[in-house]
Structure formats: C-alpha cells, structure tokens
Amino acid sequence: MNPILEATNLSKTFAGMRAVNDVHIELYTDRVTGIIGPNGAGKTTLVHLLTGHVQPDQGQIHFEGRDITRLSADQRVMGQVCRTFQVVDIFPRLTVFENIQIARITREAKNLRWFGGAAKEAREAVEAALEEVGMWGFRNRRAEQLSHGQQRRIDLAVTLATDPKLCFLDEPTSGVSPKERDQMLELIARLAEAKRTTFVLIEHDMEVIFNLCAHVICMHRGAILAEGTPDDIRANKEIKEIYLGEEV
Amino acid sequence: MGMSWRLVLPIVLILAFLVTVPIWGGRYPTYLTIQIMLLVVFALGFNLLLGYTGLLSFGQAGFFAVGAYVSALILLQVPSLLLGIVGGVLAAGLVALVLGYLSVRLTEIYFSMLTLSFGMMIYSLVWRWRAVTGGDDGLTGVPRAPLDLLVVSIDLSDVMNYYYFVLAVTVAAVFLMYRITKSPLGLTFQAIRDSATRAAFVGIPVRRYRLYAFVIAGLYAGLAGAMLAPLERTVTPIYSHWIYSAEPILATLIGGIYVFAGPIVGAVLFIGIKEIIVRLTEHWMIWMGGIVIVLVLGFRGGVVGTILGWLDKDQETARAEEEKPEAPGAKRQPEAGE
Numbered sequence: 038m039n040p041i042l043e044a045t046n047l048s049k050t051f052a053g054m055r056a057v058n059d060v061h062i063e064l065y066t067d068r069v070t071g072i073i074g075p076n077g078a079g080k081t082t083l084v085h086l087l088t089g090h091v092q093p094d095q096g097q098i099h100f101e102g103r104d105i106t107r108l109s110a111d112q113r114v115m116g117q118v119c120r121t122f123q124v125v126d127i128f129p130r131l132t133v134f135e136n137i138q139i140a141r142i143t144r145e146a147k148n149l150r151w152f153g154g155a156a157k158e159a160r161e162a163v164e165a166a167l168e169e170v171g172m173w174g175f176r177n178r179r180a181e182q183l184s185h186g187q188q189r190r191i192d193l194a195v196t197l198a199t200d201p202k203l204c205f206l207d208e209p210t211s212g213v214s215p216k217e218r219d220q221m222l223e224l225i226a227r228l229a230e231a232k233r234t235t236f237v238l239i240e241h242d243m244e245v246i247f248n249l250c251a252h253v254i255c256m257h258r259g260a261i262l263a264e265g266t267p268d269d270i271r272a273n274k275e276i277k278e279i280y281l282g283e284e285v
Numbered sequence: 007m008g009m010s011w012r013l014v015l016p017i018v019l020i021l022a023f024l025v026t027v028p029i030w031g032g033r034y035p036t037y038l039t040i041q042i043m044l045l046v047v048f049a050l051g052f053n054l055l056l057g058y059t060g061l062l063s064f065g066q067a068g069f070f071a072v073g074a075y076v077s078a079l080i081l082l083q084v085p086s087l088l089l090g091i092v093g094g095v096l097a098a099g100l101v102a103l104v105l106g107y108l109s110v111r112l113t114e115i116y117f118s119m120l121t122l123s124f125g126m127m128i129y130s131l132v133w134r135w136r137a138v139t140g141g142d143d144g145l146t147g148v149p150r151a152p153l154d155l156l157v158v159s160i161d162l163s164d165v166m167n168y169y170y171f172v173l174a175v176t177v178a179a180v181f182l183m184y185r186i187t188k189s190p191l192g193l194t195f196q197a198i199r200d201s202a203t204r205a206a207f208v209g210i211p212v213r214r215y216r217l218y219a220f221v222i223a224g225l226y227a228g229l230a231g232a233m234l235a236p237l238e239r240t241v242t243p244i245y246s247h248w249i250y251s252a253e254p255i256l257a258t259l260i261g262g263i264y265v266f267a268g269p270i271v272g273a274v275l276f277i278g279i280k281e282i283i284v285r286l287t288e289h290w291m292i293w294m295g296g297i298v299i300v301l302v303l304g305f306r307g308g309v310v311g312t313i314l315g316w317l318d319k320d321q322e323t324a325r326a327e328e329e330k331p332e333a334p335g336a337k338r339q340p341e342a343g344e
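For the protein sequence lines, the chains are A and B, in the order given. In case it helps, my numbering puts the first sequence at residues 38 to 285. In case it helps, my numbering puts the second sequence at residues 7 to 344.
There could be a bad hint or two in this list.
Cβ-Cβ distance ranges computed for the label pairs, FRET-style [what the hints assert, rightly or not]:
(1) M294(B) to R130(A): 25 to 35 angstroms
(2) V14(B) to D67(A): 51 to 61 angstroms
(3) G154(A) to D142(B): 44 to 54 angstroms
(4) A226(A) to L182(B): 43 to 53 angstroms
(5) M54(A) to R111(B): 19 to 29 angstroms
(6) G154(A) to L103(B): 21 to 31 angstroms
(7) D67(A) to L96(B): 55 to 65 angstroms
(8) V104(B) to A226(A): 49 to 59 angstroms
Keeping only pairs whose Cα atoms sit at most 25 angstroms apart, straight-line, the calculated DSS-like set for lysine-lysine is [to be verified]:
(9) K319(B) to K188(B)
(10) K202(A) to K232(A)
(11) K147(A) to K157(A)
(12) K157(A) to K188(B)
(13) K147(A) to K202(A)
(14) K147(A) to K188(B)
Just so you know, the hints here were simulated from the structure itself, not pulled from any lab data. Cβ atoms here follow ideal geometry from the backbone N, Cα and C, with glycine treated the same way.
For reference, chain A alone in the conformation it holds in the complex (with noise of 0.2 angstroms):
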C-alpha cells in the first residue's frame, strides 16, 4: 500500500536551532498514527511544515503522490490536508453556525459570492456537522462565548468541514475536563472508525495514544526516535530513558 503522505529529509532551523532534523515520515490510511515526545522534540514544528504552516528549509512532501512542498496552507487543506491547533484556533466573532459554515462555503468555493445571503449557504452540511459534535443547540452563540471543551469541539467540527483526507489534532484534549475528554475521544474514535479521514494526533498523554493509536512515531531532538505498534513504543528502552519517570 502506498503512504498517503511521504516526508523525505525534511528538515527545518529557527534562529539555529535545528527544530526538525532530516525527518522521514510515512503515513498510511489504514490507521491512526500517533506522534510523541518531550516538550521541544519538533512535534509541532513537523505538523506545521506537513499541512504548509511553515516552510522546510529543505526535503519534499509528496500527498497522494503529488510535490506539496512548496503548497501554501490554503492550497494544502484545499487539497484535502487540514489540522487543529494545539491552542484553539476558531472564528471568536462568529457564531458556531457560521464557523462551520464558512469552511463549508470555501470547500464549496462559493466565497466570491457577494450579494445572495450567506445565511441560507451549505445549511445540511453544517447541521451535520454540529450535530456530529453535539453542538446543534449552541449553533446561534458567538464561539467566544462557549467554554473551552466546547471550543475545542467546535475547532474540530471547522476542521472536519474541510472535507479532509488527512486530519492532525495537535493535543485534541489538552485543557477539557475529563468527561468532555472522553467525549472527543470518542468522537474521534467514530471518526477514524468511518474511514473517510486518516487522523494523525499529536499527543502528550500516553492513555490517548494507546487508546486510539495503531501506529506511534517518537520524537527526540527534532529527530525520529523510533516507530512502531503501542507494544513496540512501550517496550522501547530508549523511549522510556527519555521519558525518565513516566509511564510508558
């Protein structure tokens, strides 16, 4: 089976610090892949350089077998390659309808409309969309005014609008509380479980990457450490040196 996405000798340097370091990456459509490591291993870094948030100073990234190295970030998610932020990151002004809405309109490219009504634009598809995330009831609040979790399910309800083949959370769960933990795990489990989008997570609890993760990639200093099944990461030695003290 071919990768969905390929990363070759991608590497990336801020200020002099090597972020990413000669990364090779495969990602495959038939699982969900976790990404771990300490606090500065490049996690982050080599999410923002896959979906165009920042460019590599040098290696390629080929999607679907297509060059999308050089592919802006609008490009990249019009292509079907999208993420979340590890701080939310949703319309504040809108209201959760709208927030929705406005990823719809663009994956529609119905944008240039200037004079009919956005209001009526994409309507099933963003009642879809909220009632997949249990939102339908908050669709008419500005997305400033809800909590955190709700926040949370709301930037990813926006991302999943996108229509993407590929989808990074980046700490999906970090700052909810426990239940509504479980809740977007669950949410993500159905997601992954439909198939209509290969999920990447970037994650620091390890529960939520065994839990959900058939594929783990560590990173160390910009660098992949080692890669394999939650067994094979469990078991590694070396992982669990450079997580002195946590359960791995």
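Given the coordinates of chain A, work out where chain B should sit on it, guided by the hints.
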C-alpha cells in the same frame, strides 16, 4: 431578502426624511446632509476593511483624493457627471489595486504604517504635480454637469438637485455594501478578521481576500471623493492628507466597528457634533477630540454596538434556557416548522 418590519419601518422613515430635506431644510441643511452622505459612503468602505476584515488603513484619504481629482479633471474636460463619477471611482479602484497588492502583504501596525506612507505619497504627488493637479491651488471651477441618462438629461447645477443624485447613489452604495457584508464574501472577510491563520486553514487564500476588501474600500472612498468634486466645485490637496483619513476612522469608532449601521450613525454624529462645536468655538478640534474620547470610552463597541448590546442582554437569558449541551452524535429534535 428576509428583512423584518422592525428594520423596514425605520429605513422607510429615514428615506422619507432624507427625500424631504431640500423641501423643508433650505440650502445649508441640504449641503450638510450631502456632506454626511459622502462621509457615510467613505466610512462604510473604510469599515469593510477595519470592522469586517481587521485591517486599519490610515491611507483612505489617498483614494478619496484620487476619486475627487480624476472626477474633477474629467468634468473640466467633458461636461458629463456620470463619466466624471465613474472615472473617479475606477481610478481610485485601480490605485487601490496596485497599492493594496503591496500593502496586504503586511498586517496589523505594519499594514497601517504602509497605508499611511502610500497615502502621504499621494498627497505629495498631488501637491507637486502642479501641471495636472494645480498644486496647492487645486482644481477650481469644476462644473456640476448634467446627468445624461440615454434620452434624458437632468440639470444638477443647483445643489438642491444635486442632493437627489447623491442621495440615490448613497442609498445604492449602502444597499450594495449591506449585501456584501451579508454574503459569503462578507463572511469570508469576517473569518479573516477573527483569525487569519484559521482562515488559511479552512482553505481561504487570505492575502487575496484582503486585497478584494482593500479594493472595495478604495472604490467606496473614490466614490465619495468623486461626488465631492462637483459639490464643492474645487478640489485641493487637503483631501489627500492623512488628517482627512481620520474622518472615516472617527465616524466608525463613534458608531461602532462591528455593526453595519455603525459608520452610518457615526457619520451623522461626527458631522452633527462638529457642526455644533464650530459655531461655539474656533478651537473645535480640542472639543471634538474630548467628545470622541468620551464616546469611545463610554460606548465600547460604538454607540450602535453598545445599544444593540443592551438589547441583546434581554434575549440572552431566554436563549440560555433553550440551549442544552448534547452528546456528540446525538440526533437533534426537529424544530417547529421544519
């Protein structure tokens, strides 16, 4: 278009009021109302940038002046009002396209400073290009040419007649802007305002859409300027100075940047307050500054924004009752009428 009677009724009343101004008001109130309408058009364009797209431009007077000068130059050669206005608007749009292409590469204060620089470059050009612009003397004797509509030619030489032309254009401009802000394009601008990064990550080419907003704002500034030239019959470099860019900024801040009607109400208040103060003191700018500070601090979100906020609070409690969190994936109950 789904407008409720609560919105339609005030609009009809305002239009009825505006249509009758020359009848009961006399020449000066008519002239003053034209000034307000020009600022409404100018400020609405400006607020598409600030309130809807999140870009603060200090250079809008440049586009206003391009509209005014090009309109004046055409009218001095060809006595056709329509040609003068259209020429002024298109010229301002073209200049906005070129300068916007360079400006939207930056954001926040860097964008603001760049627009300020470009605006002052236009001012400098207007000041020094005497052969075309008349330098510090400006262009004088601009005719209020007739409006030629195919077989009909309407005489607008009297300011009372010109008023109706400006009113018709302003109503059309306000309606058009309203439609833009409610359209998918308007929603796209608002998404960029809220988070440019997130906008890019739903697939919006942010820089391109910022340029669209910049050009539309330039067209609106140019339209206001183009209509000013035949009103004043004179165009001088002061219209391109950055101080003139402050007028739509202040009008918008007074009215409210996140509400469509903000710049409209703000323009009325700005010119109304200014008109009263200049009669009382020659140091009107000091008093105007004080009043603007009080209004901006006392009405966070502008006068319109604050009033709407008060009204919205009453609905908040009722809405909170309606909303119940749901488990993800739970099917919603159909609403009445669905």
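Is the hinted range of 19 to 29 angstroms satisfied by the C-beta distance from M54(A) to R111(B)? About 27 angstroms separates the Cβ atoms of M54(A) and R111(B), which means 19 to 29 angstroms holds.
Proposed proximity, K232(A) with K202(A) (alpha carbon, max 25 angstroms): Answer holds: K202(A) to K232(A) is near 9 angstroms, not above 25 angstroms.
Okay, G154(A) versus D142(B) on CB: inside 44 to 54 angstroms? At roughly 48 angstroms between Cβ atoms, D142(B) and G154(A) fall inside 44 to 54 angstroms, so the hint holds.
How does the Cβ-Cβ distance of V104(B) and A226(A) compare with 49 to 59 angstroms: does it lie in that range? holds (52 angstroms)
Outcome of range test on Cβ distance (M294(B), R130(A); 25 to 35 angstroms): Since the Cβ atoms of M294(B) and R130(A) sit about 30 angstroms apart, the hinted range of 25 to 35 angstroms holds.
Pair hint outcome, K157(A) versus K188(B) [Cα-Cα no greater than 25 angstroms]: Distance of about 11 angstroms is within 25 angstroms: holds.
Assessment of proposed distance window 51 to 61 angstroms (beta carbons of V14(B), D67(A)): holds (57 angstroms)
Is the straight-line distance between the alpha-carbon of K147(A) and that of K188(B) 25 angstroms or less? holds (13 angstroms)
So if I understand the rule, the pair passes when the alpha-carbon distance is 25 angstroms or less; does K319(B) with K188(B) pass? holds (23 angstroms)
Hey, K147(A) versus K157(A), does the alpha-carbon distance stay inside 25 angstroms? The hint holds at about 12 angstroms.
For K147(A) and K202(A), compute the direct alpha-carbon distance and say whether it is at most 25 angstroms. holds (21 angstroms)
Given a hint of 55 to 65 angstroms, does the C-beta separation of D67(A) and L96(B) actually sit inside it? holds (56 angstroms)
Hint compliance for this structure: every hint is met.
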